[in-house]
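Novice: Spelled out, the chains give:
Number of protein chains: 2
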Amino acid sequence: MSKPVKLSNASDYEAFLDKYDTFLIDCDGVIWLENIVIPNLREALSLLRKKGKNLLFVSNNSAKSRKGYKKKFEKLNIEIYDGEIFGSAYASAYYLKNIVKFPSDKKVYVVGDVGITEELESEGIRFAGAAEDVKFDGTDWTFANIKQDPEVGAVLCGFDININYLKYAKAYTYLHSNPGCLFLLTNDDSTFPASGSTFPGGGAIAAPLITALDRNPDAVLGKPNKPMLDCIVQKLSLNPERTCMIGDRLSTDILFGINGNLGTLLVLTGVTEEKDILAENARIIPDYYISSLGDIATLNT
Amino acid sequence: MSKPVKLSNASDYEAFLDKYDTFLIDCDGVIWLENIVIPNLREALSLLRKKGKNLLFVSNNSAKSRKGYKKKFEKLNIEIYDGEIFGSAYASAYYLKNIVKFPSDKKVYVVGDVGITEELESEGIRFAGAAEDVKFDGTDWTFANIKQDPEVGAVLCGFDININYLKYAKAYTYLHSNPGCLFLLTNDDSTFPASGSTFPGGGAIAAPLITALDRNPDAVLGKPNKPMLDCIVQKLSLNPERTCMIGDRLSTDILFGINGNLGTLLVLTGVTEEKDILAENARIIPDYYISSLGDIATLNT
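These protein sequence lines map, in sequence, to chains A and B. For the first sequence, our numbering begins at -12 and goes up steadily by one. For the second sequence, our numbering begins at -12 and goes up steadily by one.
All the pointers check out, no bait thrown in.
Identical copies go unnamed one by one, so any copy, or any two together, can satisfy a pair.
Here are the simulated SDA-like cross-link-like pairs (lysine to any residue), alpha carbons at most 20 angstroms apart as the crow flies:
1. 59 <-> 128
2. 88 <-> 115
3. 122 <-> 153
4. 58 <-> 126
5. 62 <-> 15
6. 134 <-> 185
7. 134 <-> 181
8. 134 <-> 184
9. -10 <-> 255
10. 59 <-> 130
11. 134 <-> 179
12. 59 <-> 129
These are computed hints drawn from the structure, not numbers from a lab.
Work out the full structure: start from the sequences and follow the hints.
Specialist: The following block contains the structure:
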């Protein structure tokens, strides 16, 4: 397997930047760490824009809609334009509307948060679940009193801080009683980083449905899965050869780029260390790597 | 593979009953269907008792303690004696106390219901979680505010109608931050039957932990897993050769008996049909089968 190229001086950067028109950029671990902006990140993005590059911020986190992400960019004082954000919640809504052409007389049962429902609303897709099933008291529960909405034709599951048994029972029942019901996940990250540790992620939240149904989802809209790239390529009319995925995580960002025949650039400001890609037994290798995306601003002078 | 023997007349029954001193009997689908007692069941149990057989009711349902099961037997007017009930919640408490000899200065973090906590209390095992973490509001949540109890040395997960993200995050954190922390499930049934359908079961409730940790549990205390039989054999000083497992489900009850070198009797009052065991490709085959456990009373005359 070929070694990744470390970008370390101005001419490396020039050659790298000349190869691509579009950069897909992961957020957490690349442009920010929770609420702290990576040093020189604003300047790096500004330089890419000056060179006429197209930027798309691509995140697996389904808790935020594009509107929610925009607020975070603005709060952190990072320049952002309409159409530059592509989270897994939006990818799910885009996929339903434009890839599978989900019928307008059907509804999506949502296990998830406001990030998902805002994106479904923005695409004009009807839904049930989500906020309406947050309140649940197990002491009142009888299995006979599940009410099924006959218009539900898909279940979409993402990270849900308000997960409960009612949501699992309803989602399971829709999928179990109707084999034609679509089963989608926003993303399948088993964990995500927060507060210096990790916590169960969207893939963990969906695991009871996969286990109880003994069925994998029909599509997972987050990296490294292909349906997310299908959405991006269709929406942006992308040329994969002139596109580079920039990320901090080998198993999602870099694999996503490799699977899609994109260029790949790993940054070391997130979860991956240099030794992870230089080891003899390294299995996912980016084309390029740099210490930080901020280095584009400081070294390319 | 040998064909199962159908018990169909008095001499079949005599020969069958003579082979065993102890009968392990599943509950749901064998002695009752939800709240309806199987016809002639009371008479069948009475006949077994008259012949001096030992009976043990063995259930994977962790929602009830032995005390809870006793109430159900009494409500359904089925004769029951102390020491005749062995549910997966009790098996978990017994396993912690007598098999792994869980230290008395440690606590078990419980994802589950009152069935589990009653049994831990009865065995003098200290615990955290369960009822104290039922109330949770995701809108207040920050990942930094998880408080870990340093005395927790095991996580025990069973069916939990009041499952929420706080419980998952805490259980994950105990196991993730302390590789020595024991990880136990009461049972791994992916679904259970109720109201003429099925719903996500204890195995589904535990799936987010298994997915997020990328780790299987150290022991599963329900059928068909061996740790439950280890508890029963030790507690009752059983001779497996003189013991027969009676159940309605091939993948739990009958496999449990086969794995433990017990005799096995399938009843057809639950989820399994005769064709399932007579099919060419049948993989789990009981030694014997009958239409209903009630037949022991009516045919053995």
